[in-house]
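One line per chain: the protein sequences are A and B, in this order. Quick note on UniProt numbering: the first sequence kicks off at 1 and runs consecutively. Quick note on UniProt numbering: the second sequence kicks off at 1 and runs consecutively.
Misleading hints may appear alongside valid ones.
Claimed, not checked - With a Cα cut of at most 35 Å, we get these calculated DSBU-like pairs of lysine-lysine:
id : chain 1 : residue 1 : chain 2 : residue 2
1  : B       : Lys-133   : A       : Lys-27
2  : A       : Lys-63    : B       : Lys-84
3  : A       : Lys-133   : B       : Lys-191
4  : A       : Lys-81    : B       : Lys-81
To be verified - So the derived list for chain B, only partly shown, Cβ under 8 Å to chain A, looks like this:
id : residue
5  : Gln-24
6  : Leu-25
7  : Lys-50
8  : Gln-51
9  : Gln-96
10 : Ile-103
11 : Ile-132
12 : Lys-133
13 : Ser-134
14 : Glu-209
15 : Glu-214
16 : Ser-216
17 : Ile-218
18 : Asp-228
19 : Asp-229
20 : Pro-232
Everything labelled a hint here was simulated from the structure, so no lab data went into it. By construction, the Cβ of each residue, glycine as well, lies at the ideal position given by its N, Cα and C atoms.
Number of protein chains: 2
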Amino acid sequence: MKQAIGVIDSGVGGLTVAHELMRQLPKEKLIYLGDTARCPYGPRSKEEVKQFTWEMVDFLLEKNIKMLVVACNTATAFTLKSLKEELDIPVIGVIQPGARAAIKFTRNNHIGVIGTEGTVRSHAYTNALRNIKSELEVNALACPMFVPMVEQGILEGSQAIEVVEDTLAPLLQYSNMDTLILGCTHYPLIKDTIQSVIGQHITIISSSEETARETSTILDVHQLFNKDDIYPVHQFYTTGDLEIFIEISKSIFKEPYLQMVTIEKAYLHQLQDS
Amino acid sequence: MKQAIGVIDSGVGGLTVAHELMRQLPKEKLIYLGDTARCPYGPRSKEEVKQFTWEMVDFLLEKNIKMLVVACNTATAFTLKSLKEELDIPVIGVIQPGARAAIKFTRNNHIGVIGTEGTVRSHAYTNALRNIKSELEVNALACPMFVPMVEQGILEGSQAIEVVEDTLAPLLQYSNMDTLILGCTHYPLIKDTIQSVIGQHITIISSSEETARETSTILDVHQLFNKDDIYPVHQFYTTGDLEIFIEISKSIFKEPYLQMVTIEKAYLHQLQDS
Chain A
1 MKQAIGVIDS GVGGLTVAHE LMRQLPKEKL IYLGDTARCP YGPRSKEEVK
51 QFTWEMVDFL LEKNIKMLVV ACNTATAFTL KSLKEELDIP VIGVIQPGAR
101 AAIKFTRNNH IGVIGTEGTV RSHAYTNALR NIKSELEVNA LACPMFVPMV
151 EQGILEGSQA IEVVEDTLAP LLQYSNMDTL ILGCTHYPLI KDTIQSVIGQ
201 HITIISSSEE TARETSTILD VHQLFNKDDI YPVHQFYTTG DLEIFIEISK
251 SIFKEPYLQM VTIEKAYLHQ LQDS
Chain B
1 MKQAIGVIDS GVGGLTVAHE LMRQLPKEKL IYLGDTARCP YGPRSKEEVK
51 QFTWEMVDFL LEKNIKMLVV ACNTATAFTL KSLKEELDIP VIGVIQPGAR
101 AAIKFTRNNH IGVIGTEGTV RSHAYTNALR NIKSELEVNA LACPMFVPMV
151 EQGILEGSQA IEVVEDTLAP LLQYSNMDTL ILGCTHYPLI KDTIQSVIGQ
201 HITIISSSEE TARETSTILD VHQLFNKDDI YPVHQFYTTG DLEIFIEISK
251 SIFKEPYLQM VTIEKAYLHQ LQDS
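Isolated chain A (complex conformation) (with noise of 0.2 Å):
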């Protein structure tokens, strides 16, 4: 019987993803990987990204998910597509769901997405967005420092804040923008910060919230919630460093849904090889 939802993320973004999911369905038992072993996927190639998520989803294959949900905007950026065409469980990526949710919030349709190098060069967002809705004006921007920053658990004060100023000056200049995306799931951790740097008239929408709230529709469709009310032990793997994991971990989910995880190391099959 496939019980659980599988996340997959480059590190430990996609954890804002699994926090979010936790809340909104506590229900539902989540098996996680993050590939922290070789983050960032951001500057990396379309190839290399593709085949890294390929290894991840083996992983949780095997493990018998009833739903993959791509936690990560550069892997769903790259291989969404192919994930949704190749595999028989439904598949959600975090970039539809912040694009619907922007679509609903904005009323001036303009629209500002800021994300990895990759996810910025894939157009993914604005593709998705105009797809949509063609009239939309999308302007998108690379923050390549935010990831760095984040993971050196850097998430506000004065250093992050400067950061947060320099990054964000072009996109707050030429855009008219009342709706900004944050299409990265790293971001979520210095949501705050961005807030007090753009302004309280620019609505933010998480990817993150949004792509738990989209799951949820999903499995409804799929006729997949789990109908149980015993509350779940979610499974987390890491591919890097188990020690950072647990750290980063504990500052993401506090209680009482720390004590719902557990935290093991991963050893994907190429990684194996290699």
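Assemble chain B onto chain A, guided by the hints.
Just chain B now, kept in the frame of chain A:
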């Protein structure tokens, strides 16, 4: 070729869903049927609501719709399950999307729901919410004055405030809600009045906006998006007085949406016979 999204409602309330569908999915053609001749559905029996709803569905199926949106909370509460079981096109109601959005927004797990007598009596929102997240506290209140008030065009001003204040007083007294679901598609028309009465600290969820967004998700899952970049002409039908329906449509749609709509009188099989 199936091209349009079918939308049914007991009257004009579903026009708020139609408006959101046009705004969020501007490439999709709508065929709307409002059963204004037999509105309101709120006080009717389950059997009557089911019969009327199926008569509307039959009318739209003859027009070859690719998806059905049940834009009436009462009809959703009583017929969604059988429609999903018996139709071979995707069906969405207004209750699940509102419930999912409320779960996303609430931080204290206290959710309020207002709707018609029928919707509240059915416990449809409470069930939808607690099936996903058992620990939610849900307080539902029937507001039988709101639909007749909206149908009379009283949307703001001292009379509207007085009715809303008197009606919501018990809910505000016993509920600690941080999120309130407008569980009736008429209510978005008095959203500003409701917000002024309950205060800015409570997030209002419009099931209309949320249903349009989930319609987008479901079209995506089933690969039913219209890819053509041509703006459609929407066909609207009413079983009741054509002039009144046109007047209310004008107040909801304004430009540029109104010029993309044709409005005609509908004759349902059952109504023709009686």
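Hint check:
1. Lys-133(B) <-> Lys-27(A): holds, 7 Å
2. Lys-63(A) <-> Lys-84(B): Answer holds: Lys-63(A) to Lys-84(B) is near 31 Å, not above 35 Å.
3. Lys-133(A) <-> Lys-191(B): holds, 26 Å
4. Lys-81(A) <-> Lys-81(B): Within the cut-off at roughly 31 Å; holds.
5. Gln-24: Given a least distance of 5 Å, the restraint on Gln-24(B) holds.
6. Leu-25: Holds. Min distance 7 Å.
7. Lys-50: violated, 22 Å
8. Gln-51: It is violated, given that the least Cβ distance between Gln-51(B) and chain A is near 26 Å, above 8 Å.
9. Gln-96: Holds, because the Cβ-Cβ distance from Gln-96(B) to chain A comes to roughly 6 Å (cut-off 8 Å).
10. Ile-103: Holds, because the Cβ-Cβ distance from Ile-103(B) to chain A comes to roughly 5 Å (cut-off 8 Å).
11. Ile-132: Since chain A brings a Cβ to about 7 Å from Ile-132(B), closer than 8 Å, the hint holds.
12. Lys-133: With a minimum Cβ separation of about 6 Å from chain A (threshold 8 Å), the hint on Lys-133(B) holds.
13. Ser-134: holds, 6 Å
14. Glu-209: Check passed: Cβ of Glu-209(B) comes within 6 Å of chain A, closer than 8 Å.
15. Glu-214: holds, 5 Å
16. Ser-216: holds, 5 Å
17. Ile-218: holds, 6 Å
18. Asp-228: Cβ of Asp-228(B) sits 11 Å from chain A, so the hint is violated.
19. Asp-229: Holds, about 6 Å.
20. Pro-232: At about 13 Å, which exceeds the 8 Å cut-off, the nearest Cβ of chain A leaves the hint on Pro-232(B) violated.
Consistency note: the structure conflicts with the earlier hints numbered 7, 8, 18 and 20.
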